[in-house]
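Student: Take these sequences, add in the hints, and give me the full structure.
There are 2 protein chains.
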Amino acid sequence: MAAPAVAVDNLNPKVLKCEYAVRGEVVMHAQRLQQQLQTQPGSLPFDEILYCNIGNPQSLGQQPITFFREVLALCDHPCLLEREETKSLFSADAISRATNILASIPGRATGAYSHSQGIKGLRDAIAAGITARDGFPANADDIFLTDGASPGVHMMMQLLIRNEKDGIFCPIPQYPLYSASIALHGGALVPYYLDESTGWGLEVSDLKKQLEDARSKGIDVRALVVINPGNPTGQVLAEENQRDIVKFCKNEGLVLLADEVYQENIYVDNKKFNSFKKIARSMGYNEEDLTLVSFQSVSKGYYGECGKRGGYMEITGFSAPVREQIYKVASVNLCSNITGQILASLVMNAPKVGDASYASYKAEKDGILQSLARRAKALEDAFNNLEGITCNKAEGAMYLFPQIRLPRKAIEAAKAAKKAPDAFYALRLLETTGIVVVPGSGFGQVPGTWHIRCTILPQEEKIPAIISHFKAFHESFMAKYRD
Amino acid sequence: MAAPAVAVDNLNPKVLKCEYAVRGEVVMHAQRLQQQLQTQPGSLPFDEILYCNIGNPQSLGQQPITFFREVLALCDHPCLLEREETKSLFSADAISRATNILASIPGRATGAYSHSQGIKGLRDAIAAGITARDGFPANADDIFLTDGASPGVHMMMQLLIRNEKDGIFCPIPQYPLYSASIALHGGALVPYYLDESTGWGLEVSDLKKQLEDARSKGIDVRALVVINPGNPTGQVLAEENQRDIVKFCKNEGLVLLADEVYQENIYVDNKKFNSFKKIARSMGYNEEDLTLVSFQSVSKGYYGECGKRGGYMEITGFSAPVREQIYKVASVNLCSNITGQILASLVMNAPKVGDASYASYKAEKDGILQSLARRAKALEDAFNNLEGITCNKAEGAMYLFPQIRLPRKAIEAAKAAKKAPDAFYALRLLETTGIVVVPGSGFGQVPGTWHIRCTILPQEEKIPAIISHFKAFHESFMAKYRD
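Sequences listed follow chains H and P, in order.
At position 69 of the first sequence (counting the first as 1) the number is 69 in the UniProt record's numbering, and the numbers step up by one without a gap.
At position 17 of the second sequence (counting the first as 1) the number is 17 in the UniProt record's numbering, and the numbers step up by one without a gap.
Be aware that one or more of the hints could be misleading.
A pair counts as met if it fits within one copy or between any two copies, since identical chains are not told apart.
What the hints assert, rightly or not - Result set (DSS-like, lysine-lysine): computed pairs, CA atoms no more than 30 Å apart in a straight line:
1. K415 / K328
2. K165 / K217
3. K209 / K17
4. K120 / K278
5. K418 / K328
6. K87 / K120
7. K14 / K120
8. K418 / K208
9. K17 / K217
10. K362 / K462
11. K17 / K328
12. K120 / K462
13. K217 / K365
14. K328 / K419
15. K462 / K87
16. K17 / K120
It should be emphasised that the hints constitute simulated quantities derived from the structure, not laboratory data.
Tutor: In structure tokens form, the structure reads like this:
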């Protein structure tokens, strides 16, 4: 009588449809090779797997910012604040910061569920940080603390997508969290293309065309996702471009979903980060003009605290009844983790001139960001020196997205191996060098073009070897398949 | 031209449908009263709000287990392990445990995203803990670490529910995470009733009847949720009852979703916790016989670390292709928070006889559990001494779910106020005493019966005052509305 309870063909088809290349086929193969290296050392042409597939700085040796970790340790074990030895183990401002944070938590209880939006005192600190960053006021009631940016994105997709006729505008290439989340919630991804030839710029005329096209197919486009600085593309949007986007969303009644998790990662002097809220407010647009969500995360920036799963979304321009629905969905999961909440408040309110930790904090921060800038430039130059590869400037974020003009023979070999050509290239690269990158097809790309996404995160002393291994691989790949 | 981007009437109707009473109307009203107490002290007939609505022990003064917090602090700031002062501030076994945990994390990086299922070394520790608990082997590959139990439940609902014809069996009364998650994923909640007159027992004959009834309506029942110890009902299932449930799920091809988050919370000598996996294995049922998910959380037990958002699900009996889909969905969110992952490994592998912390750990644990048992008994006796109230024994979990036979006049007054009668009662209780409970209608109850859920968590010294305030309120309520 026993029926098979669950099988692939009776699962939710939305789950089957969803894809997530950042941890997809190439990465699973890399994990198998890593096990092989452990069980059979010397059996592969390299000694270690270099994970350039994911923005995970501390997995590649980046050290956490000392001040942040001091505060977290004290909040985890508040008894330390009553002990004399603590003064010699922790910086004075970490002690006072932890004391203040604990005082802002009802009952000093870091082990209690908080308010569903997060601890009010921490949201106050974040709102103050946003206000200082933008020069326009932010409100703690608009902040929802989340376990990283992903749950916030899912929550918005869940709210907006009713059925397959609801569309979400996404850049192509895009970060696959968006395509995965839209697929899981059963909506339609409406693409707009970033223009590689102008440094991954965004043309509002293209947006309009795509919008009309989607509407003519009966798609109700609800929101526009913009990732700035870009992932996987690394560009930093120009202010004028941002104004055009804001105006477009206002005029077309689209929710602007602004992924701003790389706001601290800018590597060029002629660009700076502007939040979309700052842009909108500086245009005189207020709550009634634009519905806007800004996503931030503790996983990125110079801190790179991916494992802590902290982040927030700032929501503005939603009516009170809609906010109640957002609050209700947040409350079904009770709250985000308190360690991540505390860390989100710290990154938005870091040590300042005059604080005991300031000098060491600043040295750590600048050291990381300057090194990332040097690594980005070295990899970018290396890619641009290879046959058939062109790579735009990494102005920000943590990635390069070079285009690889693959020879016809390579494309045929990929076809024979039942792989996308860029996946075929990435798998050969992995098997030859141990370097893990993500094929461009995981992010979307103009049909007929092929890319890889490579993080700039390996430690600086490893970059020369990565470049020489990549170069040797690429040359032999081209020698084998050159038309 | 600007259209309103988003309004309640164009949101996802599944979001609108979802309800979550544990943080619903009564709690929102309590938060308003709490603000009033701050801004206008003395303006209400009580001095503080007593949150008995949610299983959140540390918010009511329960202290964290010292050993667990020592290990977390050391893992957050590993530099401490290199300092001499640390030996006088932390217990020796916390130092060695943190050292071992860090050694099991690639690169000692507590700030890195982990494997999507969680850090392998921590999953090994959890699997060893399950094996020791059950006497049957557990496998680290079956463990998915999660940010509390809720994300695991959502993941399973997402996997199993294709449309409104897919049903999930849930106990009534149930914990509203289940009804909320089923609503959000667009499935059908298929109820089975727990029998209040037999201490919230579960009749398999009733299950069969409900299953046939659902099938006759075209519902494809995919899974059965069982909460043991029970929430909101507090019962601990008898072994024989568990065997019947296992057999029923096997025979009917249902996934058994076992909410076992209260496995450490048992307050009576004649009952003990048995995991459903242990029951199934002891019946000779293996992977091919039963598809089973066990949910565990660091939020409950004697530790009550709700704010850390740690937990896991152990999945067994799923085919490899289905497991790949579960892994894919987990990887879209990258990983659960590492602090919660570490804590989940600690609660499943606590200090043992001979460890430096054992005596103090045991004293803290026993103190909490014994006090909870006394509080449960005191509240249960108090409820049973009131006119029209009957309350089953709290054998486990953190709640009492007394039935209140409301007079006809009270039901009419509720109707006039457009409230469910139990919500009307709970709101009057709140406004009179500051005590926050959840109306039974938020959990489901036999039609025409009315209950409240009240946690046993206020600190022990406050229990006598709570009882006397509750008694005074109830007597005056009954005096006002008695038929």
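Student: Can you name, in rising order, the numbers of the hints this structure does not satisfy?
Tutor: 8, 13, 15
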